[in-house]
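Same order as they appear, the protein sequences are chains R and W.
Each residue of the first sequence is one higher than the last, beginning at 1 in this note's numbering.
Each residue of the second sequence is one higher than the last, beginning at 1 in this note's numbering.
A couple of the hints might just be wrong.
[To be verified] Some, not all, of what chain R presents toward chain W, calculated at C-beta under 8 Å:
1) H623
2) T624
3) E935
4) N943
[Stated by the list, open to error] Okay, the calculated beta carbon distance ranges per label pair:
5) R/Q947 to W/Q40: 50 to 58 Å
6) R/A689 to W/I179: 36 to 44 Å
7) R/K953 to W/F82: 32 to 40 Å
8) R/E486 to W/K31: 17 to 25 Å
9) W/I179 to R/K953: 53 to 61 Å
10) W/K149 to R/Q947: 20 to 28 Å
11) W/K31 to R/D500: 51 to 59 Å
12) W/K31 to R/S899: 50 to 58 Å
[Claimed, not checked] Think about it this way: if two alpha-carbon atoms lie no more than 25 Å apart in a straight line, the pair counts; the simulated SDA-like pairs of lysine to any residue are:
13) W/K112 to R/Q333
14) W/K112 to R/K744
15) R/K228 to W/N41
Since the hints were made in silico from the structure, they are not lab data.
Predicted model, so just to flag it, every value in this text is computed and none were measured.
C-beta: ideal position from N, C-alpha, C; glycine also.
Read off the chains here:
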Amino acid sequence: MRYLSKIIFINSASIKYSEINVDGNVHFIGTQGVGKSTLLRALLFFYNANQQKLGIPVGKKSFVEFYLPYQDSYIIYEVIRETGPYCILVFKSQGRACYRFIDTHYDKKYFINNEGRANETWDKLKLSFGKEISYTRKIDKYDDYRNILYGNSQGVGAEFRKYSILESKQYQNIPRAIQHVFLNYKVESEFIKDTIIKSLNEEEINIDLSNYSHHLKDFDTQLTDIKKWTDRTKSGEIIVRKQAETVATIFLAIKFLSREKEQLARTLVWQFNEIKNQQPKISEKLQSEEAQKFQLGNKISEIDKKFQTKKDKITAEISVYESKIKEAKEKYQLYENININGISLTIENIIQRVAKKKERENERDDFNSQKEVLEARFIDIKQKYEAQINQLTNQLSAFENAKQTDINILNENLFQLKEKLVKEYDKLVEDIKKQHLEELQFAKNLLEEKKQNINNLQISKAEIKHKRYYEIEIEKYTHDINNFEEKIRISENEITLKADEEVTLKKQWEIEKDRVEEIASNKREKFIQQISSIDDQIVSISDKLENSKNSFYGWLNKEYPGWQKTIGKVIDEDTILFKSGLSPEKVSSDFNFYGIRLDLSEIDKTVKTVSDYENDKAELKNHTTGIQKNIITLAEQLSNDVENLKRKYQQKISKCKDVIRNNEYINEQHKIKLNEAKVNIKELINKAASDKQSALNKIDHEIQLISEAKLNAENEFNRIENISKKQIENRKKDKKNNVDAAQKKVDEVIALINSEVQNKKIDTHKKINILKEEQKKEFNDKGAETKKILNLEIKISEVATELEFIGNNTSITERYKYDKEQLFDKVQHFKNQKTNFENQLGIEQDKHHTQRLTLIAEIDILKSTILVIAQQLANIAEDLQKHKLFELTDCYKSIKDLSAEPTDEFRTEKRCIILIEELNNTHYKGIDRYRELQEAINKFNGNFHTQNIFKFKLNLIEQSEFFQFAEDLKEFIDEDKISLYEKRVNELFADIIKQVGKETTELLSKEGEIRTVISDINKDFVKRNFAGVIKSIELRVAFSANKVVHLLMEIKKFNDENINDLGEANLFSNNEQTRETKNKKAVGLLSLLVKEISNYKHNDIHLSDSFELEFKIVENDNDTNWVQNLANVGSDGTDVLVKAMINIMLLNVFKEGATKNRFKDFRLHCMMDEIGKLHPTNVRGILKFANDRNINLINSSPQSFDALAYRYTYKLAKDDKSVTIINRLITNNRERQ
Amino acid sequence: MNIPKQTASIFEILSRGQFICSNSNDEFIRKLYTVIEEDQNFDYLYDYFLNISFILEKGNEYYYFSRLENKIDLERKIEQAFKWIDILDFLKTFDSSFCSGFRFTPSDILVKLNLDAELKTKLEALKRYSAGKDKFNEIIEKILNDLEKDKFIEIENLISHEYKVLASFNYLEQLIISINISEDAKHEIPE
């Protein structure tokens, strides 16, 4: 039995020296303020060693100041134990209370020297203790002190072990309970619970919530983050996935564009270099071609000149011959119709007549000589008449001449008049003509022009009709369309191919996975079989072992040592050796076997001993463990294999997907381009048609306009011509009239003259005839042959006329002869010559024309070549210019490939200008796409918090960061990393749930024990209740109101029910669907847990949190009902009583529970101040109540009223120096007996 | 009619002229968004609110109320729209990818101000909406407050003062997109 037996004050608390026994119930009496409570506090300090919890009122001296004011102030506690008492010295050191344990009983001489003074230093004390008494070092920490006192071996050294009054790690409630009794604290269920729990187990059971809250810190956000990848909207799409897909697609587009850009840039570099090299060459070529063209032009003008000279010459020849032919013709006509004296004669006639000139002259001479012969005799007469006739004839001739002269003059005048008129009118006509000439010419020109225009337009129209508009462009687009269609076809093929491949891969994956799983499950099956067979073996061995004592084997072991070497070699182990009920009996010590002797050394058989069997069993068990390990390894292997398969196939599938996506993008781009091209071509065709139509319409319109103009011009021309004709006609008429009038006049005069001449002639002829008649008569009269003479004369006159004619016409015939010789006979020759020359001219012309055409054709070719070259040069210049401008743009600066060396790999036909345009387009498209990407990424990132589980970086600034993000995101999707996260989170929460289950189970495992304790307490109360006023004190366990505990229990329950369905898929799980719902529920529970933990103010859950303790106290008619805290029960007295009872009860419970092991045998003290409040019966009751539980009570009150109830009664008093004097009044020794 | 039980909350938020966005930081708002989006709820709510002359409008990932306006209010509205256009212009100059989901802090804008003269000019032009505030950070603060008040942005991190742009920002973008400037009118805008 260990207990505090004595307390000694030396120079402490106004006590000079006092020894107070406390090895029983003690009662301090004395008036107010003598130090009763001080003593009680000093006792409490022994138990709780806590200066703050002694109930020292605020403002009073502190413990050290009051109890240990001097260096030689001591409080000494003497403690009794089985091996003899020891002391605890409390002293002041460095301003605080310190302890030393001294392994001896209390003796005054150790502390008080011979002079009656306390030893003020430790050295002195040491001296007084001497060498036999052991003591400890100074203990200046209250914790250490308590640990030593209550035997918490963990905190203190072994040398302190012997100074404990009990042995408990969870002793804290003992001082607290004592303290509560002394200070009359309110009763709290928390405290009661704690006490009960600590009494149950020394190890504190608690659940560290911070652990969970750490693991589940971002559980909610993580879960929402992951959920975002699986939540579908009502339209069935997963927004985040869609957004991520958009990001991936746009990024792909950007990559595609940058590739395209690179390609274009390299192409441009090549082309730029090419045109730079080509430019001088092409200009040189242009120059040479132009020189050639110039030469050809010279040649043409040269041959033109030559031809002109030739032509002139030939034309001159021709005109010569033409004039000759014309002359011949004119002259011939002249000769054909010669008019002589009003008789028209042909030249042939005249020539015949002229040819007979000689003949005629002979005839005339003949006639003249005949006549002269006849007239020779009548010359006189003849001469007389002849003179008269001559005279008359002369007269007539003179008259005729005169008249002829007049006629001539008249004619002359007429002619002159005519001449004059002709001239006059000619001039007039000329004037008129002149007057209209310009106008007419103008009209004619206009007309011609219009005609020409119409012709030109008709030609143009025909051209337009046959021209194919935008032929090149349309062809280009058609080519493009074919190209794009081909590309689309290729990429579609690729997509189908890759999609098929993907499906195949997935199938393969599935199959391989199935295969691996099947193998694993087969193996597992085998292992399980092995285990069960081993289990069977173990069972059989166990059976054998169990039965070994009752069986033959047991008997043999006991009764027949060395049996293994004899009967053991031949016995059947299973059927005989381990069979019980064989009732073996030793019959003789003779070594025979049913009368047969066997040399058993030849038999090689050993019988297993019990330990062998034990070994076998252990081995088998090991084997089982090994197999179980194998099963676990197998499961791990399987999951690894599955994972590897996933990685293997995922990669391939991702590649397929990449290709598909890429192709899809290309496809899309091409489709867009194809559509563009189609639209363009359609537009072009339409445009071509409409352009053609409009051009035709325009030309028709023009033709119409010009036709009208032509008509007008024609009309104008006709009008002008008519006017001039009319005028000329009028003039001609006038002229004719005038001429006719003059002619008539002259004719009349001439007729008059002629008639006068005729008359004169007739008159003269008459006179001549008369004269001739007279001559005839005379001749006749004279006899002359007149008749004959007359005939002759007629004949002579005839011949004379003929000769005159001949004379007149001889020159004509001469002329004719000449002309004939020179002209008429040569006409054929002339004609031939002319035709020859004409032919020659034609030939020359043809020749010239051909030559010219050839040259022109050559020039045309050259011209078109030059045009092409010039165009090329212009294009190059334009390209260079464009490139120069392009070099200034951001686009140019942003493309590194533009400074690369040109390589023929990028040969192209496209022009720089087009390439630059395409490059620009691509560049700006790239910028647009980048902006789209930014938007898409921002949109995507908007779904996630900065602390997202996937570690997505949300603050992206640089382009590279955006690209990296997109790349990572793509990879994230392609490799299905979300499932990894999902798995990880699932595993995590499964682990957490399992952990919660485990911990909660542990926590709740104490429930039964707690209930037992409480029911014991309740029973005890009923049994030991001594105060009549207290009808009942009852405790009960209620469900915890703690939400966290609730949740933990829920989770535990859930865990128990679904131990195999949590977290990742494993072979033992049910189907997917239930697991899904289970997971969901678990997640819900954990989310709630997280929330509650954050709201919960403590970091861990103790056992005390797992249930609520309620108590109910019925005092008289007052029922507190079930409450958790008790501040006051009834009046003061009852209150103190009840609380003391409960606390003592608890102390007992703890005593019973916490110190089960070794130290049950100890006694405690409870201090109760102002006990005078209680009725003596109740005081006795509570004393008994405490004492029954090995607890001594130390009370105080001003007066003693039942001294026999206590062992000791001390009276306290103050002397005049306010020094407390303590006197023991009574010692009751009855109790001891 | 099966009106969801959150109708009162929905009304309370929307009737203040605010938005319910899918990417709000406020879980409650997100919840409301999903409630409206659920099966038939939108139709029910639409009819329900129509009875009290509120038209529940659906934007891209956000909901809001619209009402038939009196002509008298139009001028004020247009002025308001001007303000938003200026602000949007400013923000898009700050970052061309300023859109739903974008995150930024006022200090980001201040840093950019020192680098971008155009941005500075535009911010100075916004002075007239900032009620006498002169300093750049104050103007920005005012603008951001306005935006936050009308639920176009939301503060996400109080420590770093980081804002997140909500889906409702799309409303402002749509506002500008729906302004149709005909070719002729283009030249009438003074440069």
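* To do: If any of the earlier hints don't hold here, list their numbers in rising order.
  => The structure breaks hints 1, 2, 5, 8, 9, 11, 13 and 14; every other hint is satisfied.
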